[in-house]
Amino acid sequence: MTESRGKPSERRADLVRIAAELFAERGYRATTVRHIGDAAGVLSGSLYHHFDSKETILDELLSSYLDDLLETYREIAGGEPVEALRGLVTEAFRSLGEHRAAITVLQNERGFLRTLPRFGYLTKAEEEVRRIWITVLRDGIEARSFRGDLDPEVTYRFLRDSVWVAVRWFRQDGRLTEEQLADQYLRLILEGITNR
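The sequence shown finishes on residue 196 if you use the UniProt record's numbering, and the numbering steps up by one all the way, no holes.
Worth flagging that the hints you see were computed from the coordinates, not collected in a lab.
Even for Gly, the Cβ is constructed at its ideal location relative to N, Cα and C.
There could be a bad hint or two in this list.
Unchecked claim - Distance ranges between label pairs, derived from CB positions:
no., residue 1, residue 2, range
1, E191, D38, 18 to 24 Å
2, S53, G97, 39 to 45 Å
3, R144, D183, 44 to 50 Å
4, R187, R11, 40 to 46 Å
5, S63, R157, 23 to 29 Å
6, L188, Y121, 40 to 46 Å
7, G97, I134, 21 to 27 Å
8, F112, L150, 30 to 36 Å
9, R138, E179, 37 to 43 Å
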């Protein structure tokens, strides 16, 4: 019997964390239930007490990340555009530490996950993220907080890609905290790199 998706038990949450690291390290398709069991110190069959499949573990990992991200993004959206952009960038960097494995899996396995009906919600979530960012950018252009010649779609893609690729090199125990890294990016975005 599997537990409801709402409030996972501590053991179930531990198993998701262990599987998440393996999915990020080895890839989802290359990670077997046996690998997860070995890493967790249990027989692979024991995992079926908590999950009905490896796909369910991945679903819990990704849906938890996207639910958390979107909840925060929705709270940020609608504010003053410069502050909203600051909030979106800061939240994106904050999530790199907390959800590193989920972000890595999404980046590495996105093409494959599109083929699985269970993960149809990924496209909807990505579209909502895109809509939130583009709305903030358009609002900023309209309010003359951002340059009028910016293309919101190109700007969004630039920001998204430059932030999310940081998951490959950012470390929570590194020289910069998530907030300091967000501040560096924001200064580059809002002030540029040339002396004024």
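So, going through the hints one by one against the coordinates:
1. Under the hint 18 to 24 Å, the C-beta atoms of E191 and D38, about 50 Å apart, miss the expected range.
2. The beta-carbon spacing between S53 and G97, approximately 28 Å, falls outside the hinted interval of 39 to 45 Å.
3. Our hint of 44 to 50 Å for R144 and D183 is violated, since their Cβ atoms are close to 24 Å apart.
4. Range check, R187 to R11: Cβ separation about 43 Å, and the 40 to 46 Å hint holds.
5. Restraint check, S63 to R157: a C-beta distance of roughly 24 Å satisfies the suggested window 23 to 29 Å.
6. Between L188 and Y121 the C-beta distance comes to about 33 Å, which lies outside the given range of 40 to 46 Å.
7. A hinted range of 21 to 27 Å for the beta carbons of G97 and I134 is consistent with their spacing of about 26 Å.
8. In this structure the hint that F112 and L150 lie 30 to 36 Å apart at CB holds, the actual value being about 34 Å.
9. Take R138 and E179: their Cβ atoms lie about 26 Å apart, and the range 37 to 43 Å is violated.
Taken one by one, the earlier hints fail for this structure at numbers 1, 2, 3, 6 and 9, listed in ascending order.
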